[in-house]
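Colleague: Here is what each chain is made of, one letter per residue.
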Amino acid sequence: MRSRITRLLWPVLAEPVPVRPLPDGTPGAETITPARPPLELSGRDYAISLLRLAAEIEHGLMVQYLFAAYSLDPPGAPAAQRPMVRRWQETILGVAKEEMAHLVTVENLLTALGGPLQFNREDFPHDNVLYATGFRLRPLDPPSLATYVVAESPATWTHPLAEQIKAQASDEAGGAVNRVGRLYEELIAVIGDAALVPDSTFDAASMPFQASWDEWSRGHRRGAEGQQAADARPITELVILPVDSREAALTALGEVGEQGEGFDQPADEDASHFERFLAIYEALDGLSEDERKALVRDVATNPTTDLNGPDVGPDPDDETTTSPIANPDARLLAHLFNVRYRKLLVSLAHAFELAEERAGAASPGPRGSLIHRAFGEMYNLRAIAGLVVALPLDHAEPDGASAGPPFQMPHTLMLPHDDDDRWRLHVDLLDASATLADRIAAAGATGAAGEYLTALAQADGIERGQLATLIAAGGQTP
Amino acid sequence: MIHELRILPPLAIARFGSAPTPMDNYDAVVEPAKPLGYRRLVPADTLAVDEQTGEITNVFRPATLSFTENGAVRPVAPFLELWALVGDEQLTDGGRLEALTTTLLEEEGAAADDLRWQVQVANLKVMRRTGAADDAVHADTGEFSDHARHALAGECANFVAGRTIGFDHVQFIRPNAEHRQIRLRFTPGAGRVYGPTRSPFPNAPSPDPNVSEVVYDAQRGGWEGYSDAGGPGDTAPGEIYAGRRVGGSQVSSGYLDDGCDGVVRVSLQLGGRTLQALGRVGAGPPAYVPDALPIRTVADELEQALFGPAVDAADATYERVEEIVRRAFETIRLLNTVAHNEDWGWAGGAPFMASSLVDPVAVENLHQSLLVALRSGTAPWFGEVLRDHDAAADRSTLARRRMPAMMRGADGELLTLTRRQVALIRTLAAGPLFEAQEPEA
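Chains A and B, in that order, are what the protein sequence lines are. So the first sequence is numbered by the numbering used here: it starts at 1 and just counts up by one. So the second sequence is numbered by the numbering used here: it starts at 1 and just counts up by one.
Think of the hints as simulated: they come from the structure by calculation, not from any bench. Note that this is a predicted model, so its numbers are computed, not measured. A virtual CB, placed ideally from N, CA and C, is assigned to each residue, including glycine. Heads up, some of the hints might be wrong.
[To be verified] Some but not every residue of chain A turned toward chain B, in silico, with C-beta under 8 Å:
(1) Pro74
(2) Pro75
(3) Gln89
(4) Gly192
(5) Arg218
(6) Glu356
(7) Arg367
(8) Gly368
(9) Ile371
(10) His372
(11) Phe375
(12) Ala383
(13) Ala448
(14) Glu451
(15) Tyr452
(16) Ile462
Just chain B, same shape as in the assembly (with noise of 0.2 Å):
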């Protein structure tokens, strides 16, 4: 029996492109021989779908991988499976998930047909700043059982009339004989800039080639001409968006884009119950450094609301250590390590570190130390290095050479790891300083 439906993953976050096949699917693994070396790529199990009939029509293993076609970035367009609890009643106690495939949806008597999914996304960054509802985009696919493309059209009150952002279409995937699981894919927007009805360089000699095309009506709208105000329902940092500098001010150019985020909802009618789950979706730039991945993810952030900022013993692993030191390292190349150590600034036009220590090169090397180290097994001692949470502000030369270093936050202050991450770290380095001596058991 199933007791409750689940969309797994819960959060799929998509990747803007312009091409029409969708990336193929990948691992970024590290070589076990190549320990120090950047991830490797490697091509994995890609689902092939029929863009007319919703079908999957090939299951395939790419040769080499392409980020693009033709000039233009393939989108990531994640799929979200659809999973049932059965057996008990609670998953901690006997229930298990299985993926729902219609084999198992006729066991119960229904059919695929008699799912009902929706789709609502929206992009209110504009709102956010501000403030009118009227500048808020929202996409909504109403309920929808069939196996066509839906758009997901941005529509706006503050639009010409009958313009919209695409933030693209989602897709129930038909199951057919060879592939019963029953899943929903989302494909993103272009990732393209829409620009407003007024210019908003009136004395430049052609239009601004990056906007692909005029939505926003800047006479009923505010958006064309904002600044932020310089009070705390600013973002932070404030003045983040497309514009020009006006007498001190940053004055938005009135641009959009078709980022989105939103919620995927399905529902069934069985005997009587309606089960239902939600999923969440959200769509962003592509990864233009795939084989490496940032030292905070949105899945730190996650883990620490999950789990909370306390790590224990048993879960301070010496692979979760080098993970983050990994990150560390892969992030070293995306940086000039030189130009960042100069001035912010900040703190009198002092650099972070000493000038002779920052050649990009000799820090990854000093990185690459520490992962040598941490395979011995030695426990790391770089605990007291890190940047607390709470001494982001900190701007001291001591509080400015902690790490990760040369980085800004979300909040334009230093970039820290999140509590969990610098738990993780300090917890290891607490326990044995060999684990070669750990006893066997």
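Chain A with its partners taken away, still in its complex shape (with noise of 0.2 Å):
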């Protein structure tokens, strides 16, 4: 665990500190006791430090849960099981849509209380805080699913499989899995104490730089949690809140943790991520291993366009490693998708940097585009998925496992000073993605693949027209 994070999570994982190791390497008897706030940090200082943890937190899970997601495989299931794992699909790609949300709304918080903004989040094979071995993509698994289920359960709860569940997740992890739902209540804690964080530190002139659900939700309905649409699909619900007040930051709080990493007692446990994942566990324990693989994808685990790397290795199932991905026309894809990823966290940095132009103003601003291109990204990353998961991640074993999406990191999502530069931004990645997307043409994409160049094409190309105009006018709306 990083040591700058370690420090930070003492109040968090609530763990006596030993001063010293006995001299056989055990915990000496001597401790400190974490204070809150740390020191080092004041009050709000620890808020924001929170807060920005919270963020790699949901952002990672949302990434995980996308892989779990896409690793499933009705097509490929027994007639009779298509609809349940179908179903799963759409269930876990749900959590992760409210994960979204749930990022969002920390980002709002961080606005609200003048923190810098954070999209950044763990990459394999760093560790993550939440769990001890990391941060891992993986096709969807029981020991998987374990640590998912722990990771969003409520402090404390029973259930016939609950000891299997912490166990496997405990093995799994290499210690125990921690809950995202203690993080919540040490922000709840922090946030609620005036004497940490002062009145004066919610700035309500922010709103309108924050998101909304007016903006965000697509259509997604705001409190009918746990109903199932008529297809049988899991309605999603997405907790989007803006935050002028301390009254309106703990709602927000308290609404991200109950629906997913649980306080104690949820007021609708069907609609908590901990509750769907517990579902689809114990569905899947019932059924045999065979039974379990003819659902699954053979997806290989922690797939990387980096054939070169210290943790490279040569086993797609090897978990402590990262799985290149050898075959060409998957690797091209695999950039492609880096590069959209990219695009995606860069077009929601940008959009907090905008502020809504309230009713009144004869033309929208930028800021409403940038939203929708953020969802344009977000479509694009499940098209290239979709594309990836069906090539082989080595060319030379095309019965062997299938490539993934590696939801890789770039090298920075700072973005510029001036107005300009960040659309001059835009126009970099747009121009990576055209030299990536002609590659995989001269390669020789074809049927889905090539129409989906085409037509990707195409509507970069409008991109380019409009930001050039942006960017002519000095970034501001002409």
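Both chains are given apart, each in its own frame, so use the hints to dock them into the complex.
Modeller: What follows is the structure, encoded as structure tokens:
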């Protein structure tokens, strides 16, 4: 675990820390108790640190859940189980969307507290603060699902499979899996304490910069938790709340925590991520190993475009290493995936830098366009993921594991200072995307991949023209 | 042996125009290299008809398309083709439809002149409101077998004596050696406005220039000065007729137009048998955005009427879903989304969407993003945001944001797709997440 995070986590993990180990290496009796706020931090700074940590975690969970959903393979499943597997897929995708909403709400909290936004996240093979053995992209199986169940669980819960799940999660993680809910409990304690975070900290004037449900919900419901759509798909409920006061901040944290990470007893347990994952776990647990394998595509664990990194391993099932995407066709698509993933994150971060122009504006500003573009990139990620998982990881082993979307983090997510340079960054990403698309086309992309790239090129051409207009106007709406 | 006759298409829609030459044929195609653009209009084979003889004189493909001629709109004048069921007696059991030609007629011992046509059309819009049968406008060609133009002169008991509305004409195309197929052509009215004998604007300095001819006798009929009663017999929405506001009511100006619809009948005596067929025609305004289609069309209604509201998985294809999304995309450019987003007098004045999201170009771009992703073969994910048919009058914030947004249906409530269109999208959405994962079978 990274030391700078470990220091912060003392109060969250509530573990007395031994001052020194005994000669045999075991912890000594002399300990220090974590301080709240940790030494070196003010109350406000501590709240910001925790929020940035929450953003990393929500982002990381979202990516892992997306990968798990993409690994499910309803067409490959026995006919009788296809609807069930498809439903799981939609359930997990729904949870991922809700994690995205949580991330956006956490960014709102950071905006209200005047903290730097956090769109970064842990990347394999670095350690994750939640799982001792790290953030992993892996196909859905009982051990990985057990870690999701425990991470999203309330502080206390009972279930016939509870002990099995906890043990499996600990084995998987190489230690106890921390609950995300604990982090939100700490945040509520800190932000709820006026002595730590004074009233003056909450900047109501930042509201126009914050994300709203009106802008980001895309018609998903609010207040219909746990229901099923007519076609038996779970209904997604996005918790996106702006923050202008302590009360609003506590409401936002409470709702985020309650929806997924679950405080002691969620008001509607059917809706919590914990319950949804638990239901899938129960169903998976009732199947034999062979039956389970028939439902899940053999997607390589931690796929990467990096063929020579220090953690590259030859076995696509090895969870402690990354799996190099040796297949050149799949690797080019994986690079394209990474570029569009970066463009999504840049669009998201950029949208938070532009105030919403409220009613009365003759023409909406570019903020709305960025929000639409961010959704367009989400659609692109899904599309490219579909193309990638259809290809083998290694072209020399066409019947081996499939490649997968790598979700590799960019070298930076910091936005340039000047408005026009920010838009130039979008152009840079379109340039990188075009280079990759040309190479994919030159390699002979046909069928759905060919049609997709043709359409993508035209969409990017249209965006490029709009960006040129913005840059010519100095980054402002002309 | 000819077992049955059919008129195809069974429903043909003409479009008004006052130019003498009907519009040339064209297709509206999506260019493979530009899947996000508007459709390109491509000239198609067109039949030129000699007005006097009724013969086809030329089949040509125009180099360019022109929707007007000397400033006048060229009418869309559809051909109705006569087809014959031959082979087995059932279309589903070895029987097949063949275009009826003079050759086929001769084989049966008949000739084109043996065909007897009759076309009856009407404009019942005024009668629908006033409830007076004398306000119905009817035109009937009577039976004919020749190849002259037969006028569709709309007559009405409440018209000034001798006045009619020109719904315009039909012509049985004379087959010849080169063009043996049996066809009838319907040429619609010019798209004119007809007025009443009493000026609805008595203080106006000059007559309404939109009125091309006075036909309606306002002393005899009650259309001029009529107001919807506000009862269940009104159309929904009501008061959608030309007029003026008087004391909170919409008072009719007594105007009529040359829109009409009706039936085409044909019969043939063959060896003691009488074969008959029926087709339908209608006339409406020109397509002023010919490279786009509305998101919900009469064809969608007919498909639902024929096949029902549910969709088989095999029918839920990416191409069909893309076509619906494409039509939504094409519709956006017809809307000022910033203005439409504002208060419709509903829900306490709240806009439909967040104001930042409704820039028309950005909304177009969003729909283009949907088209891009669908091309990859990823299942549509937007089934949940569609408005259900029974939620058209739900004006809650969430309901108003459902798609299609900011548009009104014929009932004055929020527009919905047909149930079948919604089922199409949701059925595909319930299929594999990635089409590329589908087994080759």
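Colleague: State for each hint whether it applies.
Modeller: These are the hints, each one checked on the structure:
{"no.": "1", "hint": "Pro74", "verdict": "holds, 6 Å"}
{"no.": "2", "hint": "Pro75", "verdict": "holds, 5 Å"}
{"no.": "3", "hint": "Gln89", "verdict": "holds, 6 Å"}
{"no.": "4", "hint": "Gly192", "verdict": "violated, 30 Å"}
{"no.": "5", "hint": "Arg218", "verdict": "holds, 7 Å"}
{"no.": "6", "hint": "Glu356", "verdict": "holds, 5 Å"}
{"no.": "7", "hint": "Arg367", "verdict": "holds, 5 Å"}
{"no.": "8", "hint": "Gly368", "verdict": "holds, 4 Å"}
{"no.": "9", "hint": "Ile371", "verdict": "holds, 6 Å"}
{"no.": "10", "hint": "His372", "verdict": "holds, 4 Å"}
{"no.": "11", "hint": "Phe375", "verdict": "holds, 7 Å"}
{"no.": "12", "hint": "Ala383", "verdict": "holds, 3 Å"}
{"no.": "13", "hint": "Ala448", "verdict": "holds, 4 Å"}
{"no.": "14", "hint": "Glu451", "verdict": "holds, 4 Å"}
{"no.": "15", "hint": "Tyr452", "verdict": "holds, 4 Å"}
{"no.": "16", "hint": "Ile462", "verdict": "holds, 7 Å"}
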